[in-house]
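Trainee: Below are the chains, spelled out letter by letter.
2 protein chains.
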Amino acid sequence: MAPRKQREIFDATLRLLAAKGFDGLTVEGVAEESGVNKTTIYRWWPSKAALLAAALVEAPALDLDVPDTGSLRGDLEELVTAFGRLLTEPPARDVAVAALGAAIHHAEIDAGRFFADRLARERVIFERAVRRGELPESADPMLIVDLLAGAMWIRGVFRGMELKPGFAAEVVGAVLDGVR
Amino acid sequence: MAPRKQREIFDATLRLLAAKGFDGLTVEGVAEESGVNKTTIYRWWPSKAALLAAALVEAPALDLDVPDTGSLRGDLEELVTAFGRLLTEPPARDVAVAALGAAIHHAEIDAGRFFADRLARERVIFERAVRRGELPESADPMLIVDLLAGAMWIRGVFRGMELKPGFAAEVVGAVLDGVR
Numbered sequence: 001m002a003p004r005k006q007r008e009i010f011d012a013t014l015r016l017l018a019a020k021g022f023d024g025l026t027v028e029g030v031a032e033e034s035g036v037n038k039t040t041i042y043r044w045w046p047s048k049a050a051l052l053a054a055a056l057v058e059a060p061a062l063d064l065d066v067p068d069t070g071s072l073r074g075d076l077e078e079l080v081t082a083f084g085r086l087l088t089e090p091p092a093r094d095v096a097v098a099a100l101g102a103a104i105h106h107a108e109i110d111a112g113r114f115f116a117d118r119l120a121r122e123r124v125i126f127e128r129a130v131r132r133g134e135l136p137e138s139a140d141p142m143l144i145v146d147l148l149a150g151a152m153w154i155r156g157v158f159r160g161m162e163l164k165p166g167f168a169a170e171v172v173g174a175v176l177d178g179v180r
Numbered sequence: 001m002a003p004r005k006q007r008e009i010f011d012a013t014l015r016l017l018a019a020k021g022f023d024g025l026t027v028e029g030v031a032e033e034s035g036v037n038k039t040t041i042y043r044w045w046p047s048k049a050a051l052l053a054a055a056l057v058e059a060p061a062l063d064l065d066v067p068d069t070g071s072l073r074g075d076l077e078e079l080v081t082a083f084g085r086l087l088t089e090p091p092a093r094d095v096a097v098a099a100l101g102a103a104i105h106h107a108e109i110d111a112g113r114f115f116a117d118r119l120a121r122e123r124v125i126f127e128r129a130v131r132r133g134e135l136p137e138s139a140d141p142m143l144i145v146d147l148l149a150g151a152m153w154i155r156g157v158f159r160g161m162e163l164k165p166g167f168a169a170e171v172v173g174a175v176l177d178g179v180r
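So the sequence lines, in the order shown, correspond to chains A and B.
Counting from 1, position 131 in the first sequence corresponds to residue 131 in full-length UniProt numbering; the numbering is continuous, with no gaps.
Counting from 1, position 145 in the second sequence corresponds to residue 145 in full-length UniProt numbering; the numbering is continuous, with no gaps.
Some hints here could point you the wrong way.
Said to hold, decoys possible - Covered stretches of chain B, going by a simulated chain A footprint (3 or more residues, C-beta under 8 Å):
#, region
1, 89-100
2, 128-138
3, 157-170
4, 173-179
Stated by the list, open to error - A short list of chain B residues far from chain A (calculated; beta carbon distances all over 10 Å):
#, residue
5, Asp11
6, Thr26
7, Ala50
8, Glu58
9, Ser71
10, Gly74
11, Leu86
12, His105
13, Ala107
14, Asp110
15, Phe114
Worth flagging that the hints you see were computed from the coordinates, not collected in a lab.
Remember, it's a predicted structure, so these values are computed and weren't measured experimentally.
Beta carbons are placed, not taken as given, at the ideal position from N, Cα and C, and that holds for glycine.
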């Protein structure tokens, strides 16, 4: 499928999800919104869950740039700030929170694939940090990412609190330096 | 309302939520399951969201003991292990994940109240640690709790990965000592 067409399908999928929730999302609706024939969509993605899983990984709306600021602290602060914006600022928030929220109830959506894909792209941050001597080789990137992303999720989504400008630096500082 | 009756109403609320999701949860269903008159339930909680918000905070099924092991590290490892079990082991998982998942889509459920209530109970862990000289007075308990709970949530729920026995100690070690 042409990349532009695919992008339109994914955008329509996430737009409908944000507007109507997973139960209101239908392949028919996506076909209508994107102007692509329903049977064509089904040929590529066998179900709306499969379609949403692919959209989660590929959609530009949920993309995070991998920063390269010259330091591990700077890279992680930018990454965490961008993730916080994704979770709390409309319109990205409505898409990201709806998609990840739906994944909790529907294992077929496979949020694990989304997080694995993001971690694969972010590994370069940790490889550079090890080369610069900022991080021991034994450090576990997945643990670091889960702590950082998790704190943003609890604070911004579950507590529903504003993510203040200094919060990303606090979170990164706690994980790099420890809280003691 | 008698505490035993209230407990039965909350248990029925969470049981129905886990079985049918938030959309399938009704005050009528809770009345039937708990043997309490519907109008009585409405007198105490004006909506199913209000009922669920109260159940989240009060239900024994979602209770976490506040440990007192003699050290901050020991206390946090026990707390994090218990939270991980809550998120991944049935039947508690089905209730906790359904309730927190529903809160993402329905702000009236107010997961923030659940987390604020838990933090109020857990503050004693940090006060003891400061008194023992294990933690500077300036340390932020909410930040620590959000990092720990967040990592368990991302790993156990979003990634859907098994929380191995040593994982709680790794998470606590990273937050107390830093990853560098």
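Trainee: All hints are to be evaluated individually against the structure, with a verdict given for each.
Mentor: Results of checking the hints against the structure:
For the region 89-100 of chain B, the assignment as covered by chain A holds, since 3 residues bring a beta-carbon within under 8 Å of that chain's beta-carbons and 3 suffice. Residues of the region 128-138 of chain B lying with their CB closer than 8 Å to a CB of chain A number 3, which satisfies the three-residue condition for coverage. Remark: the region 157-170 of chain B is confirmed as covered by chain A, as 6 of its residues place a Cβ nearer than 8 Å to a Cβ of that chain, reaching the required three. With 6 residues having a Cβ less than 8 Å from any Cβ of chain A, the region 173-179 of chain B passes the three-residue criterion, so the hint holds.
Non-interface status of Asp11 (chain B) relative to chain A is upheld: no Cβ of that chain comes within 10 Å, the nearest being about 21 Å off. With a least beta-carbon separation of about 16 Å from chain A, Thr26 (chain B) lies farther than 10 Å from that chain, consistent with its non-interface assignment. Distance check for Ala50 (chain B) against chain A: the nearest CB is about 16 Å away, which clears 10 Å, and the non-interface claim stands. Distance check on Glu58 (chain B): its Cβ is at least 18 Å (rounded) from any Cβ of chain A, clearing the 10 Å threshold; non-interface status holds.
The beta carbon of Ser71 (chain B) sits about 12 Å from the closest Cβ of chain A, which is more than 10 Å, so the claim that it is off the interface holds. The claim that Gly74 (chain B) is not at the interface with chain A holds, since no C-beta of that chain comes within 10 Å of its own (minimum 15 Å). The Cβ of Leu86 (chain B) lies farther than 10 Å from every Cβ of chain A, with a closest approach of about 14 Å, so its non-interface assignment holds. Residue placement check: His105 (chain B) does not keep its beta carbon more than 10 Å from all beta carbons of chain A (closest about 6 Å).
Once the 10 Å rule is applied to beta carbons, Ala107 (chain B) is inconsistent with being away from chain A; the minimum gap is 7 Å. The beta carbon of Asp110 (chain B) is not kept farther than 10 Å from every beta carbon of chain A, the shortest such distance being approximately 8 Å. Some Cβ of chain A comes within 10 Å of the Cβ of Phe114 (chain B); the nearest lies about 8 Å off, and the non-interface call is violated.
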